[in-house]
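2 protein chains.
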Amino acid sequence: MHYNLALIGFGNVARSLARLLLRKQDVLKSKHNVTFSFTGISTGRHGFAVNPNGLDIEKALELVESGKDIFSLSSLEVKSSLDVIKNSQANFMFENSPVNTQTGQPAMDHIRTALELGMHVSTANKGPVVHGYRELTTLAESKGKSFRFESTVLGGAPVFSVMREAFPLAELESFKGIFNATTNVILSRMESGETYEQALAYAQKIGLAETDPTNDVDGWDAAIKVAALVTVLWDTPMTPQQVNPTGIRGITSEMIAKAKAEGKRYKLVCSAEKVDGEIKVGVSPQLVDSTSPLYGMMNSSTGVTFRTDVIIDYSIVLSEKPGMTGGPVETAYGLFADFANIASIVK
Amino acid sequence: MHYNLALIGFGNVARSLARLLLRKQDVLKSKHNVTFSFTGISTGRHGFAVNPNGLDIEKALELVESGKDIFSLSSLEVKSSLDVIKNSQANFMFENSPVNTQTGQPAMDHIRTALELGMHVSTANKGPVVHGYRELTTLAESKGKSFRFESTVLGGAPVFSVMREAFPLAELESFKGIFNATTNVILSRMESGETYEQALAYAQKIGLAETDPTNDVDGWDAAIKVAALVTVLWDTPMTPQQVNPTGIRGITSEMIAKAKAEGKRYKLVCSAEKVDGEIKVGVSPQLVDSTSPLYGMMNSSTGVTFRTDVIIDYSIVLSEKPGMTGGPVETAYGLFADFANIASIVK
Chain A
1 MHYNLALIGF
11 GNVARSLARL
21 LLRKQDVLKS
31 KHNVTFSFTG
41 ISTGRHGFAV
51 NPNGLDIEKA
61 LELVESGKDI
71 FSLSSLEVKS
81 SLDVIKNSQA
91 NFMFENSPVN
101 TQTGQPAMDH
111 IRTALELGMH
121 VSTANKGPVV
131 HGYRELTTLA
141 ESKGKSFRFE
151 STVLGGAPVF
161 SVMREAFPLA
171 ELESFKGIFN
181 ATTNVILSRM
191 ESGETYEQAL
201 AYAQKIGLAE
211 TDPTNDVDGW
221 DAAIKVAALV
231 TVLWDTPMTP
241 QQVNPTGIRG
251 ITSEMIAKAK
261 AEGKRYKLVC
271 SAEKVDGEIK
281 VGVSPQLVDS
291 TSPLYGMMNS
301 STGVTFRTDV
311 IIDYSIVLSE
321 KPGMTGGPVE
331 TAYGLFADFA
341 NIASIVK
Chain B
1 MHYNLALIGF
11 GNVARSLARL
21 LLRKQDVLKS
31 KHNVTFSFTG
41 ISTGRHGFAV
51 NPNGLDIEKA
61 LELVESGKDI
71 FSLSSLEVKS
81 SLDVIKNSQA
91 NFMFENSPVN
101 TQTGQPAMDH
111 IRTALELGMH
121 VSTANKGPVV
131 HGYRELTTLA
141 ESKGKSFRFE
151 STVLGGAPVF
161 SVMREAFPLA
171 ELESFKGIFN
181 ATTNVILSRM
191 ESGETYEQAL
201 AYAQKIGLAE
211 TDPTNDVDGW
221 DAAIKVAALV
231 TVLWDTPMTP
241 QQVNPTGIRG
251 ITSEMIAKAK
261 AEGKRYKLVC
271 SAEKVDGEIK
281 VGVSPQLVDS
291 TSPLYGMMNS
301 STGVTFRTDV
311 IIDYSIVLSE
321 KPGMTGGPVE
331 TAYGLFADFA
341 NIASIVK
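In order, the protein sequences belong to chains A and B. Residue 72 in my numbering sits at position 72 of the first sequence; the count goes up by one each step and never skips. Residue 58 in my numbering sits at position 58 of the second sequence; the count goes up by one each step and never skips.
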């Protein structure tokens, strides 16, 4: 089976994905008889390119990473992401445009268009999950295709596929986790004596926090991940606004020192619980002690504990990498895993 | 689809499984159109029963739990587990006979017979995994059936299915974990000031440790789990003897107190690493500090950290249950999940 791939969004994650696909190209072919070519690329600032016969992906990576436009690679004149999707003749689209927490756009339109054209879709974008899960899943099913989003919550580490494949007929009762690496780095470094400003500056220096850290430190990134899990795992629509997060700006060095003296830590705790059919959610800084699975998640480590009716307190933890800050490579694997699973090679 | 189920072994785990199947009976039918009946039961001390038209499972539970023989339920004269398998007309067998670390028998013969008769098999028994993985998997495939063993390593919490379904084309580089709950309880309680003897007595009192604790405290239970993971995940046969474990008998209260003062803990660490194609394994007590994902696993909590070429340090942790000691119910879920997955209801 040959796949024509469209990359909508060509930032760090999508470029890591392209490299991962190239690295796994031989094993895909030899083990599963799956081949692929890239037939459409849409970038934020370096133009658009399509070629149904296959684009030179190495050249595209080189052009974008040296700040050049990719239009020279294109066999057709295309001027938008939708143009790329429609002309790529792709049968699998990776959607990695910037997140829009409020509307899920333009990712929603990209995914709708791709599914209507009969493509499978995988996205690392949380927007369309919280704003379009039911609609897009229904649309995908009506076309016999799949809409997947493994990368959206735990940075590419398997979460949705674990609950889908490894917990048959289990009833999820609650989950609790740490979903935002930036705030966890800040709180960890404040425990080691840094001020909030120093810790934030460090998180920005290593490329984890953005110049405007609002989305992380005020809890919105965590809230959209909670909303995504609730939306999918309980099939119950929820927006980050409904989660109504409290961030970490109110946590002072003094509070952290006092907690430390008591053997406790502040964590930006994400939680959801289903009680009598009603779902209660929260994102807020909370004190946890060493009996909590969250206590040991330091620095850029993130993780989640699921409680079900059959397995009680099953945790998944993505630990900080030795000498690394995580990020694009692992997120790229989530997209790759969606592709590999959909290509039916994992049976 | 209707399944005739044979239960070979009818101890705590198998009886929990029977109750779990009854509890999930309606959702199996309504959601997936799967029905089942029990057509064969083999017990260790309470006899054997078969009825291809279905045995009264509630009655069987009642008889065994009041110490009575189940033969009165049988429609045929059967006198051995092999008789039960051959006469049950089952198409799915759960194998839960006692573990034999040295040979994998009699489970090996039970499973071979069942597969040859065209049954799917799920087992919580580690013996046939380390002694027969390749043979039994090959036999199962030749019959178009499955041989599964989700319950063998982490007490029913998904591990094998996670690696199989959620990590497509990832290369496992190493794993490290705590696989034995008894020794973890003992080490945890010694850290709180109990002697080895007191801690062991507690583990026996709550039903975690056996009267003869050798299998746990000398590391053999941990070693067979390491061997099972190596055998399956790297498709490389390995026995517990090759793992050659060191247990916790050499760890004194003084050593634990000294470690605690330094912010460290002894854990019975299970590890395996693949370096240049060679697999190095170990089970031994090791000092871990708070940066290790193993540090926070206290009491009956167990878990494993996988390092792959794509996701670095992904941990799965089964935490101690509030007010519970874990055990049969969760192990039963591993068997149930194998059944549910094989019955193709998770798609």
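In case anyone wonders, no lab produced these hints; they're calculated from the structure. Where hints are given, some of them may not hold.
A pair counts as met if it fits within one copy or between any two copies, since identical chains are not told apart.
Unchecked claim - In silico DSSO-like links for lysine-lysine, alpha-carbon gap of 30 Å or less:
no.	residue 1	residue 2
1	29	86
2	260	145
3	264	321
4	274	258
5	274	29
6	274	79
On a predicted model such as this, the values are computed, not experimentally measured, just so you know.
Hints and how they fare:
Taking the shortest alpha-carbon separations for residue 29 and residue 86, only the intra-copy value of 27 Å comes in at or below 30 Å, while the best inter-copy value is 42 Å. Taking identical chains as interchangeable, the C-alpha atoms of residue 260 and residue 145 are never at most 30 Å apart, the minima being 50 Å within one chain and 55 Å between chains. Proximity of residue 264 and residue 321 under a CA criterion of 30 Å is satisfied in both settings, with 24 Å inside one chain copy and 21 Å between copies. Proximity of residue 274 and residue 258 under a CA criterion of 30 Å is satisfied in neither setting, with 33 Å inside one chain copy and 44 Å between copies.
Taking the shortest alpha-carbon separations for residue 274 and residue 29, only the inter-copy value of 24 Å comes in at or below 30 Å, while the best intra-copy value is 44 Å. Taking the shortest alpha-carbon separations for residue 274 and residue 79, neither the intra-copy value of 46 Å nor the inter-copy value of 49 Å comes in at or below 30 Å.
Checked against the numbered hints given earlier, this structure breaks hints 2, 4, 6; the rest are met.
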